[in-house]
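Protein chains: 2
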Amino acid sequence: MAAQATGAFATRSKALEKIQGRSIVCGKTAPACPKVDQFSAEDPCTGKAIAVEYHAARDADIDAAASGAWSAFASFGRTTGEERAVLLERIAKNITDLGPALLEIAGRETGLSVTRLRAERERTTSTMLLFAHVVRQGDWVRATIDRGAPARRPAPKPDLRSMLRPLGPVAVFGASNFPLAISTGGGDTASALAAGCPVVVKGHPLHPGTGELVARAISDAVVQCSMDPGVFSFLHSGGRRERAIGAQLVRHQSIRAVGFTGSVGGGMALDRMASERDDPIPVFAGMGSTNPVFVCPSSMDRNAERIAERVAGSMTNAVGQMCTCPGLVFVCESDASDRFAKSLMNHLGDRMPETMLGKRISDTYAKRLNETSAVERVRLLGGSVPSAGWKSALRKSEGAPALFMSDLKTFIHNPKLQVETFGPSAIVVTCRGEQELMDGAGAILGSLTASIWGDEYDGRLVRRLSEALERRVGRVVFNGAPTGIEVCTSMVHGGPYPVSNQPHTTAVGPRSLERWRRMVCFQNAPKDLLPPELQDENPLMIRRVVDGRSTDGTLDAA
Amino acid sequence: MAAQATGAFATRSKALEKIQGRSIVCGKTAPACPKVDQFSAEDPCTGKAIAVEYHAARDADIDAAASGAWSAFASFGRTTGEERAVLLERIAKNITDLGPALLEIAGRETGLSVTRLRAERERTTSTMLLFAHVVRQGDWVRATIDRGAPARRPAPKPDLRSMLRPLGPVAVFGASNFPLAISTGGGDTASALAAGCPVVVKGHPLHPGTGELVARAISDAVVQCSMDPGVFSFLHSGGRRERAIGAQLVRHQSIRAVGFTGSVGGGMALDRMASERDDPIPVFAGMGSTNPVFVCPSSMDRNAERIAERVAGSMTNAVGQMCTCPGLVFVCESDASDRFAKSLMNHLGDRMPETMLGKRISDTYAKRLNETSAVERVRLLGGSVPSAGWKSALRKSEGAPALFMSDLKTFIHNPKLQVETFGPSAIVVTCRGEQELMDGAGAILGSLTASIWGDEYDGRLVRRLSEALERRVGRVVFNGAPTGIEVCTSMVHGGPYPVSNQPHTTAVGPRSLERWRRMVCFQNAPKDLLPPELQDENPLMIRRVVDGRSTDGTLDAA
Numbered sequence: 001m002a003a004q005a006t007g008a009f010a011t012r013s014k015a016l017e018k019i020q021g022r023s024i025v026c027g028k029t030a031p032a033c034p035k036v037d038q039f040s041a042e043d044p045c046t047g048k049a050i051a052v053e054y055h056a057a058r059d060a061d062i063d064a065a066a067s068g069a070w071s072a073f074a075s076f077g078r079t080t081g082e083e084r085a086v087l088l089e090r091i092a093k094n095i096t097d098l099g100p101a102l103l104e105i106a107g108r109e110t111g112l113s114v115t116r117l118r119a120e121r122e123r124t125t126s127t128m129l130l131f132a133h134v135v136r137q138g139d140w141v142r143a144t145i146d147r148g149a150p151a152r153r154p155a156p157k158p159d160l161r162s163m164l165r166p167l168g169p170v171a172v173f174g175a176s177n178f179p180l181a182i183s184t185g186g187g188d189t190a191s192a193l194a195a196g197c198p199v200v201v202k203g204h205p206l207h208p209g210t211g212e213l214v215a216r217a218i219s220d221a222v223v224q225c226s227m228d229p230g231v232f233s234f235l236h237s238g239g240r241r242e243r244a245i246g247a248q249l250v251r252h253q254s255i256r257a258v259g260f261t262g263s264v265g266g267g268m269a270l271d272r273m274a275s276e277r278d279d280p281i282p283v284f285a286g287m288g289s290t291n292p293v294f295v296c297p298s299s300m301d302r303n304a305e306r307i308a309e310r311v312a313g314s315m316t317n318a319v320g321q322m323c324t325c326p327g328l329v330f331v332c333e334s335d336a337s338d339r340f341a342k343s344l345m346n347h348l349g350d351r352m353p354e355t356m357l358g359k360r361i362s363d364t365y366a367k368r369l370n371e372t373s374a375v376e377r378v379r380l381l382g383g384s385v386p387s388a389g390w391k392s393a394l395r396k397s398e399g400a401p402a403l404f405m406s407d408l409k410t411f412i413h414n415p416k417l418q419v420e421t422f423g424p425s426a427i428v429v430t431c432r433g434e435q436e437l438m439d440g441a442g443a444i445l446g447s448l449t450a451s452i453w454g455d456e457y458d459g460r461l462v463r464r465l466s467e468a469l470e471r472r473v474g475r476v477v478f479n480g481a482p483t484g485i486e487v488c489t490s491m492v493h494g495g496p497y498p499v500s501n502q503p504h505t506t507a508v509g510p511r512s513l514e515r516w517r518r519m520v521c522f523q524n525a526p527k528d529l530l531p532p533e534l535q536d537e538n539p540l541m542i543r544r545v546v547d548g549r550s551t552d553g554t555l556d557a558a
Numbered sequence: 001m002a003a004q005a006t007g008a009f010a011t012r013s014k015a016l017e018k019i020q021g022r023s024i025v026c027g028k029t030a031p032a033c034p035k036v037d038q039f040s041a042e043d044p045c046t047g048k049a050i051a052v053e054y055h056a057a058r059d060a061d062i063d064a065a066a067s068g069a070w071s072a073f074a075s076f077g078r079t080t081g082e083e084r085a086v087l088l089e090r091i092a093k094n095i096t097d098l099g100p101a102l103l104e105i106a107g108r109e110t111g112l113s114v115t116r117l118r119a120e121r122e123r124t125t126s127t128m129l130l131f132a133h134v135v136r137q138g139d140w141v142r143a144t145i146d147r148g149a150p151a152r153r154p155a156p157k158p159d160l161r162s163m164l165r166p167l168g169p170v171a172v173f174g175a176s177n178f179p180l181a182i183s184t185g186g187g188d189t190a191s192a193l194a195a196g197c198p199v200v201v202k203g204h205p206l207h208p209g210t211g212e213l214v215a216r217a218i219s220d221a222v223v224q225c226s227m228d229p230g231v232f233s234f235l236h237s238g239g240r241r242e243r244a245i246g247a248q249l250v251r252h253q254s255i256r257a258v259g260f261t262g263s264v265g266g267g268m269a270l271d272r273m274a275s276e277r278d279d280p281i282p283v284f285a286g287m288g289s290t291n292p293v294f295v296c297p298s299s300m301d302r303n304a305e306r307i308a309e310r311v312a313g314s315m316t317n318a319v320g321q322m323c324t325c326p327g328l329v330f331v332c333e334s335d336a337s338d339r340f341a342k343s344l345m346n347h348l349g350d351r352m353p354e355t356m357l358g359k360r361i362s363d364t365y366a367k368r369l370n371e372t373s374a375v376e377r378v379r380l381l382g383g384s385v386p387s388a389g390w391k392s393a394l395r396k397s398e399g400a401p402a403l404f405m406s407d408l409k410t411f412i413h414n415p416k417l418q419v420e421t422f423g424p425s426a427i428v429v430t431c432r433g434e435q436e437l438m439d440g441a442g443a444i445l446g447s448l449t450a451s452i453w454g455d456e457y458d459g460r461l462v463r464r465l466s467e468a469l470e471r472r473v474g475r476v477v478f479n480g481a482p483t484g485i486e487v488c489t490s491m492v493h494g495g496p497y498p499v500s501n502q503p504h505t506t507a508v509g510p511r512s513l514e515r516w517r518r519m520v521c522f523q524n525a526p527k528d529l530l531p532p533e534l535q536d537e538n539p540l541m542i543r544r545v546v547d548g549r550s551t552d553g554t555l556d557a558a
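Sequence lines, in order, name chains E and P. Position 459 of the first sequence, counted from 1, bears residue number 459 in the numbering used here, the numbering being contiguous throughout. Position 457 of the second sequence, counted from 1, bears residue number 457 in the numbering used here, the numbering being contiguous throughout.
Treat the hints with care, as some may be off.
Identical chains blur together in the list; that is why a pair holds if it fits in one copy or across any two.
Keeping only pairs whose Cα atoms sit at most 35 Å apart, straight-line, the calculated DSBU-like set for lysine-lysine is [as the list claims (entries may be wrong)]:
hint	residue 1	residue 2
1	Lys-157	Lys-409
2	Lys-409	Lys-367
3	Lys-28	Lys-93
4	Lys-342	Lys-28
5	Lys-367	Lys-342
6	Lys-342	Lys-157
7	Lys-18	Lys-409
8	Lys-527	Lys-18
Keep in mind the hints are simulated off the structure, nothing from the lab. All values derive from a computational prediction rather than experimental measurement.
One chain only, chain E, in its complex shape:
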């Protein structure tokens, strides 16, 4: 499928000609870097380099981007929600206007299908438009007012007003698996800009061309909106300087927060780096997730085949390269669970190896499959595990589904079974009865989602599972697949470690804006110094908590 989508391109398409291979620093194209620091992207379908040379950001580019972001923050941090809404809408339009060229390049760099990329572009722009709506409306800043009482005894009561205020420039590290929705113009960038924070993106080496095109769209929008060009910069990053660029950015004194999506190792390394600064800054890292599925006995009895079909579809969605693909299925051992496993195998058995996002992704997938199958009492039910010589054998970036089976005891005693395998594989964990199913719910690591298949005949078990699982995940899904994230206010895309280093936050939806702001209180502030959100007249007509009560009105005279 992926090969079909990208195979039609000529070696150097018109789309590629739009790419300069240079970073964009405060609206300007960065100069060339030394030859030795240049890098190229690979077409994962062919394993061959794509004919563009990318210039890794130089130290001076990084410094200029971060310093420029800090300067821009002076004005951008004070823009109105309306002004930022217009910016976001402009960005969405510019990204859409990139047309087929963006999909072509993204497809070529990631092996993802045009259908999938079109849907992802839609999610990217609709997120921009949703955030535009949210900041234009204005309620999200959590404005709170407690009026003073100067005559109170023994001490006068001060006038106190607080709201979320922006942190400053944000460094964004995008993900490999969503070149549009979780990358240069993805959720972190959109939410940070919506929150009034300038953004410096560290480009992802697996899709630099996609990143550059989107970056140009954003940078152009900043200029079109007559804003300080320092509001957005994009740093090409790859080759031998990749890590150094990330490190310099996170350590730069002008950077006030970091957004990251990727591996646990990568996220925690940035977290440590940020906390070792003289002035530690927050890192919001979205990391690995196993998305376990729990099937209750009655539901299994009645729906084994349907559940197998849904699980198979979800685990192989985008070649298993979504953060919410299920990687663990806990079942109670029974005839029905045997039917389930067979059905799951049948669904997966149909599938040929497919192109993964890049060689480093498929290599890690192969390594994890080998680790899993090496565990005693883990059985390969279906699909295949690349043999010992897989590293040389696999020229291309491919992965095929693999289904393992094991038992709860083995799962609990083997940490390697408990962590994410990024790719289209899952382990069916058989439990002896409901108590073991509950023990499984207690043994999983933090996860973005957990899914429960249960019906009215499963009785209290469904409730018990839900109560146990809500302690460990961001989203509990009932009788459905975890993939497919709705971008809306109540979405929670986060969870306890290792899913996130900041379990109190969500990376998707309007509440993701709160990561880039912090509550600040103004005590007895002169009226003309108060932000509009906190003024007596409530000029933005937003909802506020005044003296402990929710209201969208003005302040009455005391």
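Starting from the structure of chain E, add chain P where the hints point.
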């Protein structure tokens, strides 16, 4: 003053007889510990041990407390806001009912005056009552509903409902300086209980008797409310096992979050410990704060003496042992600033050494004064710095005010001047003109508060200062003193590092409850599994965001 308050007690007062010296584990008095692990508290007014032997919690006590808290969470995590409100009200009553005995013991252990302790008790109980009101009312859980649209194409829209859900058992490490309001029954305990999280308190070694009395009041309330006694435990901690007890608690698998108030070293040690667990948990650490004051030129011209009086009062409040006492004063060099410094000196010069909270507090204070005065171009303006032999010379826990003066350049180049000195001292930092004042605002570390003295003739400078300072503090105070924390919804008691390791949170006010909860989303949940806050009928009549709009109504039929 402190000596007067406590000097009247007999060696072993009736109040002391209420104390058993034992930990309270799930409602039960813990057994004795080995002699070598017993410890006693000291009367800082006399430097002599108070005649009670405290039994440090044994490993088994810690395990029983944490495990009991986890068991209790099964029911306590599901209590209604109403049920928890009744518990909080009962605790407030029980603490009040401890009567003069509590004030006596707290005074004897801390050297704080009865007047101060009475006010602190009032803040403690009124916080309990405020949180009772907040959880009874119910809006605080941020309930959010996005209704599904099964017929939507290409994919059906799921029904998504999210709200803040409790994390589980919380370990609380209280502060030395607020034996009531930031300790056993203080803000962390009150907010965690309000949020539905059982609490295990690690007792503070400087006021174990106070802790035990309050712990008994809380533990009794839990029983009176017919709740699982594991909802609250108190572990005596001091002597050679002090650190081990804290470490075991933070590492215990049943503990899901930690609240701490104290030094930067202590807070960051716990933070590291918690992040090195197999399943890292969040630590909310309130740490050191300098609370800088910025005086604009015109305001100084017109009000030098009044400002000096307010600053002197605030910096010596409770012998400078409040987290919000100002330790830095930035002024523009002028005749008026000279008058200010002289006036400040006069106010401080009146004051004799006063009893501090304990020997380790006064020793650290003396050490910091020595460090400050050792910096080149720092001048002692008034008060005194203990001489080289201070450690042996100071038998009692005393500290006298000290006022230093330096210049901005010296401040910027000497990190030791930039961190908190816990005690009644401050550094006046002279700036040459407004730009240097702004540079000072840019050079301070994260702080709970910053205060600006400015009037209409200071023009844009006040706004510029406010904009710079809001980046670095939790609360910007205008023309007033930073001490005196109003406990209300808009209060922010927090800020960037080193004030807190979690700059997005507040430790005071209703929003402090959010630390102990995390947003969880339920997708297509069966109606009978939804918490009341998320049910269609809105049985609690709380305010919710439904399909993006704030409403306190029910859900209409779709």
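Hint check:
{"no.": "1", "hint": "Lys-157 <-> Lys-409", "in the structure": "neither (60 Å within a copy, 37 Å between copies)"}
{"no.": "2", "hint": "Lys-409 <-> Lys-367", "in the structure": "within (23 Å within a copy, 56 Å between copies)"}
{"no.": "3", "hint": "Lys-28 <-> Lys-93", "in the structure": "within (21 Å within a copy, 66 Å between copies)"}
{"no.": "4", "hint": "Lys-342 <-> Lys-28", "in the structure": "neither (57 Å within a copy, 54 Å between copies)"}
{"no.": "5", "hint": "Lys-367 <-> Lys-342", "in the structure": "within (25 Å within a copy, 72 Å between copies)"}
{"no.": "6", "hint": "Lys-342 <-> Lys-157", "in the structure": "between (70 Å within a copy, 30 Å between copies)"}
{"no.": "7", "hint": "Lys-18 <-> Lys-409", "in the structure": "neither (55 Å within a copy, 50 Å between copies)"}
{"no.": "8", "hint": "Lys-527 <-> Lys-18", "in the structure": "neither (50 Å within a copy, 52 Å between copies)"}
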